[in-house]
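Chain residues, written in single-letter form:
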Amino acid sequence: MTTEPLSGAATGPDPYAESRETTEGRVYTVTGGDWDEFIGESAGEERVVINLGPQHPSTHGVLRLVLEIEGETVVQARPVIGYLHTGIEKNCEYRTWTQGVTFVTRMDYLAPLFNEAGYCLAVEKLLGIEAPKRAQTFRVMLMELNRISSHLVFLATGAMELGSTTGMTYGFRDREEGLHLLEFLTGLRMNHAFIRPGGVAQDLPEGYREKVLQFIKVMDTRLPDYDKLFTGQPIWKQRLQNVGYLPLDGCLQLGVTGPMLRSAGLAWDLRKVQPYCGYEEFDFEVPTSNDADCYARYLLRLEEIHQSLRIIRQCLDKMEPGPVMVDDPKIAWPAQLTIGPDGMGNSLEHVRKIMGQSMESLIHHFKLVTEGFDVPPGQVYVPVESPRGELGYHLVSDGGTRPMRVHVREPSFVNLQALPALTEGGLVADVIAAVASIDPVMGGVDR
Amino acid sequence: MSRLAQDEKNREQSAPQPGGAGSSSERPGGGLEPAGGEAGFRGPVAGRPRKGMFGVSGSGDASGYGGLRLPAYVPPAAQRPFGGWFDEVADNLLAALQEKGLPDDTVQQITIDRGEITFYIRGEHLVEVCRTLRDDPALRFELCSSVSGVDYGPEVPQRLHSVYHLTSMTYRRRIRLEVAIDWPGEGDEPPKVPSVVEVYPTADFQEREAWDMFGIVYEGHPALTRILMPDDWDGHPQRKDYPLGGVPVEYKGAEVPPPDQRRAYT
Numbered sequence: 000m001t002t003e004p005l006s007g008a009a010t011g012p013d014p015y016a017e018s019r020e021t022t023e024g025r026v027y028t029v030t031g032g033d034w035d036e037f038i039g040e041s042a043g044e045e046r047v048v049i050n051l052g053p054q055h056p057s058t059h060g061v062l063r064l065v066l067e068i069e070g071e072t073v074v075q076a077r078p079v080i081g082y083l084h085t086g087i088e089k090n091c092e093y094r095t096w097t098q099g100v101t102f103v104t105r106m107d108y109l110a111p112l113f114n115e116a117g118y119c120l121a122v123e124k125l126l127g128i129e130a131p132k133r134a135q136t137f138r139v140m141l142m143e144l145n146r147i148s149s150h151l152v153f154l155a156t157g158a159m160e161l162g163s164t165t166g167m168t169y170g171f172r173d174r175e176e177g178l179h180l181l182e183f184l185t186g187l188r189m190n191h192a193f194i195r196p197g198g199v200a201q202d203l204p205e206g207y208r209e210k211v212l213q214f215i216k217v218m219d220t221r222l223p224d225y226d227k228l229f230t231g232q233p234i235w236k237q238r239l240q241n242v243g244y245l246p247l248d249g250c251l252q253l254g255v256t257g258p259m260l261r262s263a264g265l266a267w268d269l270r271k272v273q274p275y276c277g278y279e280e281f282d283f284e285v286p287t288s289n290d291a292d293c294y295a296r297y298l299l300r301l302e303e304i305h306q307s308l309r310i311i312r313q314c315l316d317k318m319e320p321g322p323v324m325v326d327d328p329k330i331a332w333p334a335q336l337t338i339g340p341d342g343m344g345n346s347l348e349h350v351r352k353i354m355g356q357s358m359e360s361l362i363h364h365f366k367l368v369t370e371g372f373d374v375p376p377g378q379v380y381v382p383v384e385s386p387r388g389e390l391g392y393h394l395v396s397d398g399g400t401r402p403m404r405v406h407v408r409e410p411s412f413v414n415l416q417a418l419p420a421l422t423e424g425g426l427v428a429d430v431i432a433a434v435a436s437i438d439p440v441m442g443g444v445d446r
Numbered sequence: 000m001s002r003l004a005q006d007e008k009n010r011e012q013s014a015p016q017p018g019g020a021g022s023s024s025e026r027p028g029g030g031l032e033p034a035g036g037e038a039g040f041r042g043p044v045a046g047r048p049r050k051g052m053f054g055v056s057g058s059g060d061a062s063g064y065g066g067l068r069l070p071a072y073v074p075p076a077a078q079r080p081f082g083g084w085f086d087e088v089a090d091n092l093l094a095a096l097q098e099k100g101l102p103d104d105t106v107q108q109i110t111i112d113r114g115e116i117t118f119y120i121r122g123e124h125l126v127e128v129c130r131t132l133r134d135d136p137a138l139r140f141e142l143c144s145s146v147s148g149v150d151y152g153p154e155v156p157q158r159l160h161s162v163y164h165l166t167s168m169t170y171r172r173r174i175r176l177e178v179a180i181d182w183p184g185e186g187d188e189p190p191k192v193p194s195v196v197e198v199y200p201t202a203d204f205q206e207r208e209a210w211d212m213f214g215i216v217y218e219g220h221p222a223l224t225r226i227l228m229p230d231d232w233d234g235h236p237q238r239k240d241y242p243l244g245g246v247p248v249e250y251k252g253a254e255v256p257p258p259d260q261r262r263a264y265t
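Read top to bottom, the protein sequences are chains S and B. Numbering follows numbering that gives the first Met the number 0, with no gaps: position 221 of the first sequence is 220. Numbering follows numbering that gives the first Met the number 0, with no gaps: position 248 of the second sequence is 247.
Keep in mind the hints are simulated off the structure, nothing from the lab. Keep in mind that this is a model prediction, so the values were computed, not measured. Beta carbons: idealized from backbone N, C-alpha and C, even for Gly. Treat the hints with care, as some may be off.
[As the list claims (entries may be wrong)] In silico DSS-like pairs for lysine-lysine, Cα to Cα no more than 27 Å straight-line:
hint, chain 1, residue 1, chain 2, residue 2
1, B, Lys239, S, Lys366
2, S, Lys352, S, Lys366
3, S, Lys132, S, Lys271
4, B, Lys239, S, Lys124
[What the hints assert, rightly or not] So the derived label-pair ranges between C-beta atoms look like this:
hint, chain 1, residue 1, chain 2, residue 2, range
5, S, Val368, B, Glu218, 40 to 50 Å
6, S, Asp373, B, Glu254, 21 to 31 Å
7, B, Gln97, S, Glu69, 48 to 58 Å
8, S, Thr72, B, Tyr170, 33 to 43 Å
9, B, Thr169, S, Met358, 57 to 67 Å
10, B, Asp187, S, Pro375, 30 to 40 Å
11, S, Gly355, B, Gly63, 27 to 37 Å
12, S, Val368, B, Gly83, 37 to 47 Å
13, S, Pro204, B, Glu218, 52 to 62 Å
14, B, Thr169, S, Asn241, 24 to 34 Å
15, B, Gly63, S, Glu319, 46 to 56 Å
16, S, Lys216, B, Gly114, 33 to 43 Å
Work the whole structure out from these sequences, hints included.
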């Protein structure tokens, strides 16, 4: 970009509302606080194309929106994505099946455990194995904790984008409670790489029950705050009610799933309709609404947090003693790690065995870690219900120790297609509310 | 000819036939090696043939593993009865296609694997098949969950596949449609599949992604442009012959090669 002052020489260099001529017409760079100057200069133009993002605090990450507006009305909206593309699907093709977990957990970074669980369920389906009961219940507990922290970020960022900084601090404060608990259970706040093909990386730590109950207690006292702050609040209702309307037929056409689909009235939740990880044994409700607007999506997500707490409570009762990894030394990495002085996890008993007692074990361990395990050829598609909708893993194996193809059906990516339908014909201010109600995570959209 | 090469040749001549006595191959090699170049459908090839082991070649092989041969994987056609609701869906679909006057070989093969059913469809009839699956009251696959491309590598005939996962919310069923694309064919023709956007608008972004990543041209797509890579990008990154890239990294005095140059054990 040029630094030459392009506005009138008589007034000197103008740092605000800078403009330049292009083949497409006159282009202005509006940075905030200089809107009046832009309006003054472009007076008489009826149709303006606004480039919102990719670096803008209210676009939910590096999402760029090309808005064509007439006055305050959006005539055309186009999402432009790809700014966070990291080639995770391609990278997975060059690692073993176990290493893939470390990659997929970084896609939808607000729902890492759903990525891990979906990927591992798909690998397990390819292998024809099933994780032990305790691992399944543990996975359910982790996923529901993750759903709570993800929905809290929706509340926090959504509120911030609409101008409620109190909502933001509330949301991030409570999400931190969830992340602390996840750190206690898995060792990391985010990007856990904790769920592995065949089970989970490690058994539950001592004293987990008290910590989880403490978390539920804290959440039970704090969740009513959101009702007090938002649910009946006139500004919140005015900004969200009857905004971003997408009825059921539109949702089905556009492939929209998750809370957005349920806000249109269809109780489609994969935990209920196609249960996995033993969800059929849990008692919980799938909240729906018929309003199909941003306010309904807010209410549904808040209610889903309550339902997730309900599932976590049941997880504690259902947790049976037993192994957390399949009993197959060709697949299972050692699953009883202790944290050493360097902060790294190690299975001391396993190290003692392979280094001191059994040469065979050392060879097997070396082969399992460097070479990985073979997966019989074939393909599977395994969907799980992530906080944003159907997260599907299409894995193809050609019989080797590395995936032939890892394709992720990302709910954020698919739901983002609904943006023009949500926003066109509405006001510019409502675009922000609509984007927030889709709740896209750009790490998942771009992968 | 060097001695090593001579040894290799002798070993190849005396090596047991794949699947035969003395061979560790599970499947016979005959007829399953992708021939390539011939017209007509001979079953989808979903993998590449393997030779040797540990990803090593060109070294003095004293282990004997160098003589191993494994033919490419070809998903087998399912035999009736399929079991469960698979028969019902297959019968309804085939009957509905016949009613519409589509040729008998529209569905080239039905495969059932790991509890999932796959219909291999001829590309030219894909849109009509999708419309039937969506609208027929006995089928009702309302939701197109996922569209993805798969590249099986340069040595495989019909290397590019376009895969569709359809969901019936009414009946709670999932099926997979797969189109093996006749490519590379003659000349510089790009791989082509008809677009299903007119039946499932949700395929819009997903077909753009498959075009971006695999170079599959979805004919009839309203605006087939790149979606994840920059508009002026050269090549299609998820093809198998597109390098992953990366630089060697030094770690504790040793050099670790980039991931795509490390030894692969597959």
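>> Between the beta carbons of B/Gly63 and S/Glu319, is the distance compatible with 46 to 56 Å?
In response: holds, 47 Å
>> For a C-alpha distance cap of 27 Å, please report whether S/Lys352 and S/Lys366 respect it.
In response: Within the cut-off at roughly 16 Å; holds.
> Within 52 to 62 Å or not, the Cβ separation of S/Pro204 and B/Glu218?
Replying inline: With Cβ atoms ~56 Å apart, the hint holds.
> Are B/Thr169 and S/Asn241 spaced within 24 to 34 Å by their CB atoms?
Replying inline: holds, 30 Å
> Has the hinted range 40 to 50 Å been met by the Cβ atoms of S/Val368 and B/Glu218?
Replying inline: holds, 46 Å
> Between B/Asp187 and S/Pro375, does the beta-carbon spacing fit 30 to 40 Å?
Replying inline: With Cβ atoms ~37 Å apart, the hint holds.
> Within a Cα-Cα threshold of 27 Å, do B/Lys239 and S/Lys124 meet the stated pairing?
Replying inline: holds, 25 Å
> Range hint 33 to 43 Å: satisfied by the CB atoms of S/Thr72 and B/Tyr170?
Replying inline: Given a distance of about 42 Å, which is inside 33 to 43 Å, the answer is holds.
>> Within 33 to 43 Å: is that where the Cβ-Cβ distance between S/Lys216 and B/Gly114 falls?
In response: Holds - the Cβ-Cβ distance for S/Lys216 and B/Gly114, about 41 Å, lies within 33 to 43 Å.
> For the pair S/Gly355 and B/Gly63, does the Cβ-Cβ distance stay inside 27 to 37 Å?
Replying inline: holds, 32 Å
> Under the criterion that the straight-line Cα-Cα distance not exceed 27 Å, is the pair B/Lys239, S/Lys366 satisfied?
Replying inline: Cα-Cα ~26 Å, so holds.
>> Against the range 48 to 58 Å, how does the distance between the Cβ atoms of B/Gln97 and S/Glu69 compare: consistent or not?
In response: Since the Cβ atoms of B/Gln97 and S/Glu69 sit about 51 Å apart, the hinted range of 48 to 58 Å holds.
In terms of the numbered hints stated before, the structure departs from none.
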